[in-house]
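Input sequences plus hints: build the corresponding full structure.
Protein chains: 2
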Amino acid sequence: MKATIVTIGDEILIGQIVDTNSGFIAKSLDRIGVEIHEMISISDSKQHILDTLAQLQNQVDLVIITGGLGPTKDDITKKTLCEYFGDTLVVNKDVEAHVIDLIERVMNRPASQMNKDQALVPSQCTVLHNKVGTAPGMWMKKENTVFISLPGVPYEMKYLVENEIIPKVIKEYKRPYIIHKTILTYGQGESLVAERIENWENNLPEFIKLAYLPSPGKVRLRLSARGTDKEFLEKKIEENVISLTKIIGDIIVGFEDSDTIEVVLGRLLTQQKKTLATAESCTGGKIAQVLTAVAGASNYFKGSVVSYATETKISVLGLSEALVKEHSVVSAQVAKEMAIAIKRLMKTDYAIATTGNAGPSKGDENAEIGTVFIALATPNEVIVEEFNFGQPREKVIDRTVNKGLEMLQKEILKNLL
Amino acid sequence: MKATIVTIGDEILIGQIVDTNSGFIAKSLDRIGVEIHEMISISDSKQHILDTLAQLQNQVDLVIITGGLGPTKDDITKKTLCEYFGDTLVVNKDVEAHVIDLIERVMNRPASQMNKDQALVPSQCTVLHNKVGTAPGMWMKKENTVFISLPGVPYEMKYLVENEIIPKVIKEYKRPYIIHKTILTYGQGESLVAERIENWENNLPEFIKLAYLPSPGKVRLRLSARGTDKEFLEKKIEENVISLTKIIGDIIVGFEDSDTIEVVLGRLLTQQKKTLATAESCTGGKIAQVLTAVAGASNYFKGSVVSYATETKISVLGLSEALVKEHSVVSAQVAKEMAIAIKRLMKTDYAIATTGNAGPSKGDENAEIGTVFIALATPNEVIVEEFNFGQPREKVIDRTVNKGLEMLQKEILKNLL
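Which chain is which? The protein sequence lines are A and B, in order. Numbered by the working numbering, the letters in the first sequence go through residues 1 to 417 in order. Numbered by the working numbering, the letters in the second sequence go through residues 1001 to 1417 in order.
Hints are computed from structural coordinates only; laboratory data are not their basis. Remember, predicted model here, so these are calculated numbers, not experimental data. Note that beta-carbon positions come from the ideal geometry of N, C-alpha and C, so glycine has one too. Hints are not guaranteed to be accurate.
Derived lysine to any residue pairs resembling SDA-like cross-links, with alpha carbons at most 25 angstroms apart [unchecked claim]:
{"no.": "1", "chain 1": "A", "residue 1": "168", "chain 2": "A", "residue 2": "33"}
{"no.": "2", "chain 1": "B", "residue 1": "1073", "chain 2": "A", "residue 2": "180"}
{"no.": "3", "chain 1": "A", "residue 1": "362", "chain 2": "B", "residue 2": "1131"}
{"no.": "4", "chain 1": "A", "residue 1": "93", "chain 2": "A", "residue 2": "33"}
{"no.": "5", "chain 1": "A", "residue 1": "181", "chain 2": "A", "residue 2": "410"}
{"no.": "6", "chain 1": "A", "residue 1": "27", "chain 2": "A", "residue 2": "55"}
{"no.": "7", "chain 1": "A", "residue 1": "73", "chain 2": "B", "residue 2": "1189"}
{"no.": "8", "chain 1": "A", "residue 1": "168", "chain 2": "A", "residue 2": "84"}
{"no.": "9", "chain 1": "A", "residue 1": "79", "chain 2": "B", "residue 2": "1208"}
{"no.": "10", "chain 1": "B", "residue 1": "1073", "chain 2": "A", "residue 2": "54"}
{"no.": "11", "chain 1": "B", "residue 1": "1079", "chain 2": "A", "residue 2": "207"}
{"no.": "12", "chain 1": "A", "residue 1": "116", "chain 2": "B", "residue 2": "1201"}
{"no.": "13", "chain 1": "B", "residue 1": "1027", "chain 2": "B", "residue 2": "1368"}
{"no.": "14", "chain 1": "B", "residue 1": "1273", "chain 2": "B", "residue 2": "1260"}
{"no.": "15", "chain 1": "A", "residue 1": "79", "chain 2": "B", "residue 2": "1079"}
{"no.": "16", "chain 1": "A", "residue 1": "46", "chain 2": "B", "residue 2": "1368"}
{"no.": "17", "chain 1": "A", "residue 1": "171", "chain 2": "A", "residue 2": "139"}
{"no.": "18", "chain 1": "B", "residue 1": "1395", "chain 2": "A", "residue 2": "299"}
{"no.": "19", "chain 1": "A", "residue 1": "79", "chain 2": "B", "residue 2": "1189"}
{"no.": "20", "chain 1": "A", "residue 1": "158", "chain 2": "B", "residue 2": "1368"}
{"no.": "21", "chain 1": "A", "residue 1": "2", "chain 2": "B", "residue 2": "1271"}
{"no.": "22", "chain 1": "A", "residue 1": "158", "chain 2": "A", "residue 2": "180"}
{"no.": "23", "chain 1": "B", "residue 1": "1414", "chain 2": "B", "residue 2": "1271"}
{"no.": "24", "chain 1": "B", "residue 1": "1325", "chain 2": "A", "residue 2": "275"}
{"no.": "25", "chain 1": "A", "residue 1": "209", "chain 2": "B", "residue 2": "1073"}
{"no.": "26", "chain 1": "B", "residue 1": "1325", "chain 2": "A", "residue 2": "295"}
{"no.": "27", "chain 1": "A", "residue 1": "46", "chain 2": "B", "residue 2": "1027"}
{"no.": "28", "chain 1": "A", "residue 1": "46", "chain 2": "B", "residue 2": "1205"}
What follows is a list of derived Cβ distance ranges for each label pair [as the list claims (entries may be wrong)]:
{"no.": "29", "chain 1": "A", "residue 1": "47", "chain 2": "B", "residue 2": "1126", "range": "33 to 43 angstroms"}
{"no.": "30", "chain 1": "B", "residue 1": "1325", "chain 2": "A", "residue 2": "239", "range": "54 to 64 angstroms"}
{"no.": "31", "chain 1": "B", "residue 1": "1325", "chain 2": "A", "residue 2": "270", "range": "43 to 53 angstroms"}
{"no.": "32", "chain 1": "B", "residue 1": "1124", "chain 2": "A", "residue 2": "195", "range": "49 to 59 angstroms"}
{"no.": "33", "chain 1": "B", "residue 1": "1200", "chain 2": "A", "residue 2": "109", "range": "17 to 27 angstroms"}
{"no.": "34", "chain 1": "A", "residue 1": "366", "chain 2": "B", "residue 2": "1110", "range": "24 to 34 angstroms"}
{"no.": "35", "chain 1": "A", "residue 1": "109", "chain 2": "B", "residue 2": "1322", "range": "43 to 53 angstroms"}
{"no.": "36", "chain 1": "B", "residue 1": "1055", "chain 2": "A", "residue 2": "200", "range": "28 to 38 angstroms"}
{"no.": "37", "chain 1": "A", "residue 1": "57", "chain 2": "B", "residue 2": "1177", "range": "54 to 64 angstroms"}
Far from chain A, some chain B residues (derived; all Cβ distances over 12 angstroms) [as the list claims (entries may be wrong)]:
{"no.": "38", "residue": "1151"}
{"no.": "39", "residue": "1234"}
{"no.": "40", "residue": "1380"}
Spelled out as structure tokens, the structure:
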């Protein structure tokens, strides 16, 4: 069973907004065994929409369309669908009552004709009731393909996918199983990891696919198995993960998507009842932000001082001006003193400190662009490492964040062994 | 001149990652007058790639492909392009020298055969040198269409778009002008705005297109004009914006271009020679992180205290324990005192402070999930606002970051008038 997701809207094609709807729909369908064939973004143009519908007709089982269902002139999806199906628009009384209720009760003003027109739907369509907005979803079948039209507003789209589309697809279609398993590795590049697991990769069964998902400082390996026997697929994935762990167990830090290093670290710190603080210069608060994006971070994360200006390192962290002058602000000594200071200030077990030059220009520091010092204060000592993370700025920041978290994780794991 | 952007990668089709590359490429091309016809995401499958290339052949002038250029087995773009062009892979000596240098000098280990194979390119291609990574970009022409292949790692893709593709497209193609102007309105819904400007919209000239971009609480109106006479287009857009302002001036709060709020704020603060600090609780350092992701932030951003734990608010920011106890940590009073404290501590002109409950659970505070207080300290006063940003956690954090920056921007703009 295959589906293609179509997004309608010039705002996507000119890069004004990023389409996050397609990813949500894809993940929801993948979970119930529907394969996504393609995602396509097209313009708010009648001919372009008609051409796309015709092209997808009978190529896939499901076409899910988002966008262009609003009340204004540039919203042409409904009319165009009607034209494609040779249908006419009729008032759906349930939708009309809902729209009037929503506008008058929630917005507290009379519903206009433009509002009421939201209740016009093609006569053949099955209405997918949108409890959280005014534009209904529509489900229409032609030959072997079902076309589903959804509003582009993310929370309305999500509501309809979760409450209307997924249950209806499960009920009406027979689907295979798709099992994914993601293994998160740290500290080695994509090609090095690939070399280490070459034999293992060559021996994977035909129905298991391996993908490498590299990002600065880490590589995720994703295994995907597809078939009709769910238990068999899960067993085979499990076996291969075990044999993989025997080869690269030293760099595996977790499994599945939600197992990012900050989640794993959070779990370790909570288990160990240890606390953490950060003093951040070149990372500008990103380590704190990444840590606090995890629910429950208040169990172990006490806070951070983002000492972006040199004077903040002196006034808030209490570093000595002479030390900063002597070694320069981007130095092992300053990183070390920052880690000691924040650990003391926030009374934590661990502290991570960063100082470096993320570029793009050299600034007042003499440090080369990409030079970063990371200090890790533990209950017993302070470890400082120097790196050059190259360019651009974004990469230097991300690699520093990942490396800092990795240094802490290694330290905690070392103490557990 | 038309382009289609193709993203290759199963990780996008299963919803594991959101494709942000296409938006960046679209925005860059749109700016120089290239119209984006479609964006397509397809799987890591040879046949799917070949079919897509054949379908796009002569349909558009440019096809920009990202992804599938890594060194590992699942990276098949290069071989597939070669097959489509009936070409063979040859070693490019410049790329080989660059790859070896990057691996040996930066990564400090010998380059493997897998690394060196990154220097293999189709013999007919023009290499786009990738200074920030190992996978080169490739530019290949067949009949009326140029196919450009880029690595999917965002900063490598960005480097090649900015430094290689845009200059080459400007040099080699004649393009029309595309002028956009976005008007940001607050406080009225899409259909209400549409009703108010109906006459104005009906009188827009043919070559100016209007789009409504609604999101909770605000509607952006985007005017797009396309033609060969840049000055004429700019004049016409300007005239229509002026007449629009006469109709809905009461709800227009700004003219947002592609600049993010942190970039605009950075420019304003630099021009005004003003400085900023943040004290962050529920945002966990994300305001600092967003600000410092902009190059040159050290001109105006002094730093942040991420006072995630209540005790940090007391020990580092110096809030009174009695005040926190009396009003609770999620309160207008605490937000206000945090803003005052950080402004004094970092000696800045402005300060933003956040405290709230981002969820998912209620925690020790009594505050409802989604409740957030944002305080803005200016040279003269402290403004505190209360919000409920609902759920989930991620949305609460992001909306708090945006709202905090927006409050500051409004304040600075108000003083400029």
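* Would you list, in rising numerical order, the hints stated earlier that this structure does not obey? => 4, 10, 13, 15, 16, 21, 31, 32, 37 and 38
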